[in-house]
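Work the whole structure out from these sequences, hints included.
Note that the protein sequences, when read in sequence, are chains E and B.
Going by the working numbering, the letters in the first sequence line up with residues -4 to 349, in that order.
Going by the working numbering, the letters in the second sequence line up with residues 62 to 656, in that order.
Hints listed in this document are in silico derivations from the structure and should not be mistaken for laboratory results.
Virtual Cβ for every residue (Gly too), placed ideally from N, Cα, C.
Some hints could be false.
Claimed, not checked - Here are the simulated DSS-like pairs of lysine-lysine, each with C-alpha atoms no more than 27 Å apart in a straight line:
#, chain 1, residue 1, chain 2, residue 2
1, B, Lys498, E, Lys24
2, B, Lys502, E, Lys14
3, B, Lys76, E, Lys115
4, B, Lys585, E, Lys24
5, B, Lys630, E, Lys107
6, B, Lys498, E, Lys36
7, B, Lys630, E, Lys26
8, E, Lys26, B, Lys502
9, E, Lys182, E, Lys295
10, B, Lys428, E, Lys14
11, B, Lys498, E, Lys14
12, E, Lys112, B, Lys498
13, B, Lys428, E, Lys107
14, E, Lys112, B, Lys428
15, E, Lys39, B, Lys502
16, B, Lys630, E, Lys36
As the list claims (entries may be wrong) - Short derived list, chain E residues pointing at chain B, Cβ under 10 Å:
#, residue
17, Trp87
18, Ile89
19, Arg114
20, His121
21, Asn149
22, Lys211
23, Cys287
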Amino acid sequence: MTELLILLAVLVGLIALGKLIRVMELASKLKGENSWEATDKDHKYQARLMPIFLLAYFAFIIWQIVEWGDEVLPVSASEHGVVIDNLMETTWIIIIPVFIVTHILLFYFAWKYAYNKNRKATFFAHNNKLELLWTAIPALVLLILILYGLSIWNNVMEPLTAEDEPLEIELYARQFDWTARYPGEDKQFGEASVRLIEGINMLGLDSADQNAWDDKYVKAEFVLPVDQPVQFYFRAQDVIHSAYMPHFRAQMNCVPGMTTRFNFKPTKTTEQMREITGNPEFEYYLMCNKICGAAHYNMKMVIKVVAETEYNNWIAEQKPFLAVEGLEEKASSDAPATDSTQTKIEGEELSAQL
Amino acid sequence: MSATAHHQDNDFLFKYIFSTDHKMIAKQFFLTGSLMGLVGMLMSTIFRLQLGYPGESFPILDTFMGDWVQDGVLTPDKYLALVTIHGTIMVFFLLTAGLSGTFSNLLIPLQLGARDMASGFMNMLSYWFFFLSSCVMIASLFVEGGPASGGWTIYPPLSALPEAVPGSGMGMTLWIVSMALFIVSSLLGSLNYIVTVFNLRTKGMTMTRMPLTIWAFLITAVLGVLSFPVLFSAVLLLFFDRSFGTSFYLSDIYIGGQALEVEGGSPVLYEHLFWFLGHPEVYIILLPALGITSEVVATNSRKPIFGYRAMIGSILAIAFISFLVWGHHMFVTGMNPFLGAVFTFTTLLVAIPSAVKVFNYLTTLWKGNIRFTPAMLFAIGLVSTFITGGLTGIILGDSALDINVHDTYFVVGHFHIVMGLSGTFGMISGIYHWFPKMFGKMLNKNLGYLHFWATMIASYGVFFPMHFLGLAGVPRRYYANTEFPMFDNLYDLNELVTIFAIIGASAQLFFIYNVFYSIFYGPKAPQNPWESNTLEWTTPVEHIHGNWPGEIPEVHRWAYDYSKPGAEKDFIPQTVPLSPDEIDESKEGIPIPGE
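See the structure below:
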């Protein structure tokens, strides 16, 4: 019923509009004008609307900055993020004046040179010097931006080396959750394959690979020690996902069939960020930023950045793969015959450590 | 060309349906493309309802959308479906086929002085492939599982595996079929445009006397011919992966409770192939819009377009560079960072010819005598959107900055303003300007003014705030922003965007009404309503096959002799011979090597 009424209202509206046009047409006919040719009055009014629109547009932008300026991401919580933010600021400083000046010129000219039948436009078709000028200036400015941007890009994308003593973490994406894997004491990730995914072993870790035994993985929340470089590896199980950590200015796609990388050094703990933002409930998030299906919008992990000691306590509490899987026995009995003794020994050592 | 058409004038079927006349085909493209655009726009208002009022029930949706909504709320799957088809329709059906199909068809023969396209039959085929393609795309809305839901870029594996999202079943197959038909249509059209421009120009119509519209359409067609086949191969391989068990794009996948027997492919390969079309596609949309604007701005400023040759040069430069920048869509895909650096360099280069175009438009307005027709208003609007959206492109094209705004609403705001709004404004401007040539009737100006201001205000109201969403870290294609407390304060922003979206969509009613009312009841068009120089205004108002009843007029000058000193009127049509002491402006400006 409601729908019918709405439909009816739309129809009536359209008919009213039609009648209105008809009236306008007849009125302009009476005045000896036609319904399509812009009159002196039209030129006058449309020209006046130009600066009005410009001011309204600028006012709207300023209002938005006032209203939502505080909602943009807070100061970067990673080392390289600060550098990126500086580049962003520089870029804004170049862009905004260009935006303002060109818009003022556009709408000022439109207002100033509105049609007047007693005037003739100035015939001004070419000027090679002017052309050269406004080819050269943007080229120069862009050259600076390109060089500045690329120097940062190269630094940010530079992989960490052993000298940096990075903490290595693998972020594993699937519809629709994240898993963070730490390599454990041996600092070696175990092999994994989609063919080994079964039951609780949703990363498909290879239990025959000893490197995997002490790997630790967590869901819902993962922890980083502050001021230590982190080398991230990204993998995906089913479709492309993207690991987006906006507070750290970090993003990398997770692509099935390949491992991608990104690294950053967190510089502010969650607690510090809570003070900076004045929000006692502030959290860092890892979100999915590549369309991946129905629950894409809810695929997330909380990132806790804490002091190193706190991190060490936390990581010690996490169970290794072997314990999660209840594989201690399985590992000893299933291990390939050739190196079964060695496996057994290391397996026992591991259990002892636990 | 029109040999078969002559005796069929009175036959409704051949006059309106299977016409080989470029003017009729232009109208067919216009109506079909706009209808598709309308569908795309309605889709956006529906998913904007969900974004502006997440989880709120709109019982009216139940009536129209069946099981796409539950209790008046759009489901997440169908939200993605709407986003996907909205993007596909707007990019391809409205702003590629709708824009180029309408104006290349209408204007290339008319402005060049040709009796018709080089091949009228191919031209007709081009339309009918487009029509079929539209039908298949719309049909895909009604199949089980719904239409394609992987985003308009349909990245595999999401688009390859029905287990990943319901829309990747039958809906995705139809998407591929529809795009294949679309590409055939585009190629038939583009080849025709290119051949016509090179071979069927009237006497005196040298390349440097062609209006900028034609230059834009020509280069657009070249872009299409070079890039659409790559999309075709991309979707063909996707089709193989989906239907014949190949793994071009698939590797190491576990889904639906089992590991798939696919090995060795890479989704990144698809991304490369897709964006090799995808980026030139942006200019396939933009160049015709800019070409139309050049013509409209010059005519209504009563002034020659400033720097005609620089405008051609910048079109050529943009087109060339557009083939070397596709990787800027892939900075964070795991592509080698060195490639990222290369693509940053080439991408930011595009800003140079774009800046030249903007400054030339501004200089054209300077000391002009501006007639505010609705077409002119939309052209001014385009210059504004082109600047606004273009400048944020400098941020997105810079790989280091892209890391953090990639795939956020910042991107959505950017490309909707620079490509969506500019493309649409260019198209609408063209319709207001050439409606008399298409239908022999005049549009109502007051409705045009209303339409422009409502659209202009609503457009910025919708897309400008999105930059703030992006800078706050809101990813695109999220069904709702309710799951992250950090987005809670952005609720009113989303609501505002939705309100403006509804206003903007409603404002198009002025236009739709104006078009249909005027087709039937509008005042008859005079011969040259805008006092323009170009050739199309020398043809009879009532369409005839072959365009000119007698000889095709000869061209003696370029298209931009407006307000020329010494001339009595403020325009001199291209058909008027140069007086002995008059400078041929088409030979002035930046020298061309070898000229």
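We went through each hint and held it up to the structure:
no.	hint	result
1	B:Lys498 <-> E:Lys24	holds (23 Å)
2	B:Lys502 <-> E:Lys14	holds (19 Å)
3	B:Lys76 <-> E:Lys115	violated (44 Å)
4	B:Lys585 <-> E:Lys24	holds (14 Å)
5	B:Lys630 <-> E:Lys107	holds (22 Å)
6	B:Lys498 <-> E:Lys36	holds (26 Å)
7	B:Lys630 <-> E:Lys26	holds (25 Å)
8	E:Lys26 <-> B:Lys502	holds (21 Å)
9	E:Lys182 <-> E:Lys295	holds (26 Å)
10	B:Lys428 <-> E:Lys14	violated (39 Å)
11	B:Lys498 <-> E:Lys14	holds (26 Å)
12	E:Lys112 <-> B:Lys498	holds (25 Å)
13	B:Lys428 <-> E:Lys107	holds (8 Å)
14	E:Lys112 <-> B:Lys428	holds (14 Å)
15	E:Lys39 <-> B:Lys502	holds (25 Å)
16	B:Lys630 <-> E:Lys36	holds (22 Å)
17	Trp87	holds (8 Å)
18	Ile89	holds (8 Å)
19	Arg114	holds (6 Å)
20	His121	holds (4 Å)
21	Asn149	holds (7 Å)
22	Lys211	violated (21 Å)
23	Cys287	holds (6 Å)
Consistency note: the structure conflicts with the earlier hints numbered 3, 10 and 22.
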